[in-house]
Amino acid sequence: MSAGELAAGSVIDGFRLEECVHQGGMATLWRVTHAAHALPMLMKVPRLRYGDDPAAIVGFEVEQMILPRLVGPHVPRFVAAGDFTVQPYLVMEYVAGRSLRPRLDEAPLPIGEVAAIGAKVATALADVHRQHVIHLDVKPSNIMLRDSGEAVLVDFGLSHHDQLPDLLAEQFQLPMGTGPYIAPEQVLGVREEPRSDLFALGVTLYHLVTGERPFGNPTSLGGLRRRFYRDPEPPRALRPDVPRWLQEVILRCLEVDPDARYASAAQLAFDLGHPEQVPLTERAERAHRDGALTVVRRWFQSIGREHGARHSVAEQLSRAPIIVAAIDVIHGAPALAEALRTAVRRLIATEPEARLACVTVLRVPRIGLDSNVDREGRNRHVKRLIGLKHWARELGLPEERITFHVLEAPDPAEALVEYARNNHVDHIVMGARGNSSLRRFLGSVSARVVSEASCTVTVVRVPERETAAQGVASPGHDAHHEEPWSPL
Amino acid sequence: MLIAFLTDLHANREATTACLEFAAEQGAERYVFLGDLVGYGADPGWVVDTVCRYVAEGAMAVRGNHDVAVIHEPSKAMHDSARLVATWTRDHLDAAQIAFIESLPLSIEEDDRLYVHANAWAPAEWGYVMGPMDAARSLRATRQRLTFLGHVHEPALYHGDWVGKVAAFAPRTGVDLELVSQRRWVVLPGSVGQPRDGNPAACCALYDTTRNVLRFERVPYDVDAAAARVRAAGLPAALATRLERGG
Numbered sequence: 023m024s025a026g027e028l029a030a031g032s033v034i035d036g037f038r039l040e041e042c043v044h045q046g047g048m049a050t051l052w053r054v055t056h057a058a059h060a061l062p063m064l065m066k067v068p069r070l071r072y073g074d075d076p077a078a079i080v081g082f083e084v085e086q087m088i089l090p091r092l093v094g095p096h097v098p099r100f101v102a103a104g105d106f107t108v109q110p111y112l113v114m115e116y117v118a119g120r121s122l123r124p125r126l127d128e129a130p131l132p133i134g135e136v137a138a139i140g141a142k143v144a145t146a147l148a149d150v151h152r153q154h155v156i157h158l159d160v161k162p163s164n165i166m167l168r169d170s171g172e173a174v175l176v177d178f179g180l181s182h183h184d185q186l187p188d189l190l191a192e193q194f195q196l197p198m199g200t201g202p203y204i205a206p207e208q209v210l211g212v213r214e215e216p217r218s219d220l221f222a223l224g225v226t227l228y229h230l231v232t233g234e235r236p237f238g239n240p241t242s243l244g245g246l247r248r249r250f251y252r253d254p255e256p257p258r259a260l261r262p263d264v265p266r267w268l269q270e271v272i273l274r275c276l277e278v279d280p281d282a283r284y285a286s287a288a289q290l291a292f293d294l295g296h297p298e299q300v301p302l303t304e305r306a307e308r309a310h311r312d313g314a315l316t317v318v319r320r321w322f323q324s325i326g327r328e329h330g331a332r333h334s335v336a337e338q339l340s341r342a343p344i345i346v347a348a349i350d351v352i353h354g355a356p357a358l359a360e361a362l363r364t365a366v367r368r369l370i371a372t373e374p375e376a377r378l379a380c381v382t383v384l385r386v387p388r389i390g391l392d393s394n395v396d397r398e399g400r401n402r403h404v405k406r407l408i409g410l411k412h413w414a415r416e417l418g419l420p421e422e423r424i425t426f427h428v429l430e431a432p433d434p435a436e437a438l439v440e441y442a443r444n445n446h447v448d449h450i451v452m453g454a455r456g457n458s459s460l461r462r463f464l465g466s467v468s469a470r471v472v473s474e475a476s477c478t479v480t481v482v483r484v485p486e487r488e489t490a491a492q493g494v495a496s497p498g499h500d501a502h503h504e505e506p507w508s509p510l
Numbered sequence: 176m177l178i179a180f181l182t183d184l185h186a187n188r189e190a191t192t193a194c195l196e197f198a199a200e201q202g203a204e205r206y207v208f209l210g211d212l213v214g215y216g217a218d219p220g221w222v223v224d225t226v227c228r229y230v231a232e233g234a235m236a237v238r239g240n241h242d243v244a245v246i247h248e249p250s251k252a253m254h255d256s257a258r259l260v261a262t263w264t265r266d267h268l269d270a271a272q273i274a275f276i277e278s279l280p281l282s283i284e285e286d287d288r289l290y291v292h293a294n295a296w297a298p299a300e301w302g303y304v305m306g307p308m309d310a311a312r313s314l315r316a317t318r319q320r321l322t323f324l325g326h327v328h329e330p331a332l333y334h335g336d337w338v339g340k341v342a343a344f345a346p347r348t349g350v351d352l353e354l355v356s357q358r359r360w361v362v363l364p365g366s367v368g369q370p371r372d373g374n375p376a377a378c379c380a381l382y383d384t385t386r387n388v389l390r391f392e393r394v395p396y397d398v399d400a401a402a403a404r405v406r407a408a409g410l411p412a413a414l415a416t417r418l419e420r421g422g
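Heads up: the sequence lines are chains A and B, in that order.
The number in my numbering is simply the position in the first sequence, starting from 1, with 22 added.
The number in my numbering is simply the position in the second sequence, starting from 1, with 175 added.
Quick caveat, the hints were computed from the structure, so don't treat them as lab data.
Be aware that one or more of the hints could be misleading.
[What the hints assert, rightly or not] Think about it this way: if two alpha-carbon atoms lie no more than 25 Å apart in a straight line, the pair counts; the simulated DMTMM-like pairs of lysine to aspartate or glutamate are:
| no. | chain 1 | residue 1 | chain 2 | residue 2 |
| --- | --- | --- | --- | --- |
| 1 | A | Lys-411 | A | Glu-422 |
| 2 | B | Lys-340 | B | Asp-309 |
| 3 | A | Lys-405 | A | Glu-430 |
| 4 | B | Lys-340 | A | Asp-188 |
| 5 | B | Lys-340 | B | Asp-351 |
| 6 | B | Lys-340 | A | Asp-105 |
| 7 | A | Lys-405 | A | Glu-373 |
| 8 | B | Lys-340 | A | Glu-214 |
| 9 | A | Lys-411 | A | Glu-440 |
[Unchecked claim] If you want the footprint, here are the derived chain A segments under chain B, 3+ residues with CB under 8 Å:
| no. | segment |
| --- | --- |
| 10 | 82-89 |
| 11 | 99-111 |
| 12 | 180-187 |
For each residue, glycine too, the CB sits at the ideal point set by N, CA and C.
Isolated chain A (complex conformation):
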């Protein structure tokens, strides 16, 4: 059976075609059912008529290779595939949710909504990048929002997988992507840069927040190359109520040089989730586009431009981890604080694009009283923040690489594990509760974090002799004073 003969009611390998939901240039999408599969499904059938764009065929092969390897809520679940010998098709989960595409027509959207969409898509990208895949065609029509809230990336026909042959790179010389969204390095034919997806997300957010496209909708190669030298109008120039931090984030995504963008999707998601801690630079203040002279200078520089060093997604991600230092600023002994700093310093030194989040947990009762302000009237929250900054001062990290967070939770271990999961943390460094009687009394936070966290956890100890020499406070005294959660 050829693609042209497909009709509602046809059955392919047990999949019954119910309804054609989309007829595109590259493929047709059918809603399908199958006796053995309960979930709602979509079948993608490539258009393979003579004279059709060969990129459609290769793109289909690419998606057939990549989709089955992806897991998690941020991609449509793979169900089945049929190869070219009979009838090529790809069956995947029908994502219950809505496409971001119609929202473009409603732009400009409320600031909070744009930031929330950005954080969701960045989270989805972080998850896909972690699985060795760069999407390379991020745009509103390829982003779905599940009813449960998560962003789903669809259409992996232009994607690149770190560990698989790149059929598209080998087949075609022209840049592949979608005009308004394509990253500068993609225009040069680079397909191995995960931060290309951050550029495309930046374009999407720019459009959603201003209602305008930052680089128009070019159709020629020359038009695509304009983004090398012509910077976009700053969002605040088009919409003055865009906060500085959001302009900072969007313009950082739109940097021509990938190194000047966020180092990873996880770091971008982190900033979108913590607006108050986004370090503001000149980008945040920018009021208009660069003058003609600057643009002309950049134009000259852009001539004959080629992309430099290449690296895999995995390499890029491993260079840019998010590290959490979990610190008990109230009860931590100086020796342990120092040991933690040493451990963190080593990690940071080896990964120049790493970011450090200093976290402490303020224990609050599960239910009840507002205990945010203590007896002396000093804000306990602020006190901890000061403690965190004090601990971190000696690390000497620049502002853009470090953030501080006081979590308020009844269960410190749970709070840390959840924080790490929500923020795509790669590595937690924390102290062990050194004193055995206290450990018996309160249980070990680090042991629980080690067993429950979804990332690497380093537990730092001060050698036994030193701890003894410190003179540890008795548990009774501590418990009376304030509930400790971590070391000692």
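With chain A's structure known, arrange chain B on it following the hints.
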């Protein structure tokens, strides 16, 4: 069916043992030896006997240029050290072992696969497949969809599309690669007994015919022992160093 591919064993007993054990642990149901059982290494007799035993139990094996060199006069085109080793090897094989080598075919076709030591266009002339051009030439010379080759001691993978355009892909160890069925593929697992890509670990590949999935593997083995035996046998010291350095 999971097929283990071993090629260029080169009389390296330690590497061959390690790869066969590894393949068995992975659940290999069939073994294919792509030639050059002997040459360079110190244990030609043991390796030939082992392959002979596997073939008796259903494995497949083809001959390589080093195998031919011990059954005929070594070719003048061979390097000096290779010729010296060929002579040494012949002196260390018995009649039955020579007869087994003589019985090996140049190539074997099975289902949609071709097994041959050097290339498909002129298997007995031992031309190397060193890049996409050579791979394309080899693909043009066979109707089989998958070609498994030895001869070149580094792992490599080539794939050709429907118009015959061929591209190379640097495979990673331990990653499942689907050999997409609308493409044709040339697979070079890399050498068991004398890897030359700077990594001394032995090379082999596993292909799952049901899932159409290929995996390149590296198997660490006792390189020091193999190198010591080369030296003890009085073979050129450079051959021992080569094992230690992986190239």
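These are the hints, each one checked on the structure:
1. A:Lys-411 with A:Glu-422: Satisfied, since the Cα-Cα distance of roughly 14 Å is no more than 25 Å.
2. B:Lys-340 with B:Asp-309: Between B:Lys-340 and B:Asp-309 the Cα gap is close to 12 Å, so the pair holds against 25 Å.
3. A:Lys-405 with A:Glu-430: With Cα atoms ~13 Å apart, A:Lys-405 and A:Glu-430 stay inside 25 Å; holds.
4. B:Lys-340 with A:Asp-188: This hinted pair holds, its Cα atoms lying about 14 Å apart.
5. B:Lys-340 with B:Asp-351: holds (23 Å)
6. B:Lys-340 with A:Asp-105: Holds: B:Lys-340 and A:Asp-105 sit about 20 Å apart, inside 25 Å.
7. A:Lys-405 with A:Glu-373: violated (30 Å)
8. B:Lys-340 with A:Glu-214: Within the cut-off at roughly 22 Å; holds.
9. A:Lys-411 with A:Glu-440: holds (22 Å)
10. 82-89: Coverage by chain B holds here, the residue count being 3 at a Cβ distance below 8 Å.
11. 99-111: holds (count 3)
12. 180-187: Contact hint for the segment 180-187 of chain A vs chain B: holds, 3 residues under 8 Å.
The structure does not agree with numbered hint 7 stated previously, though it agrees with all others.
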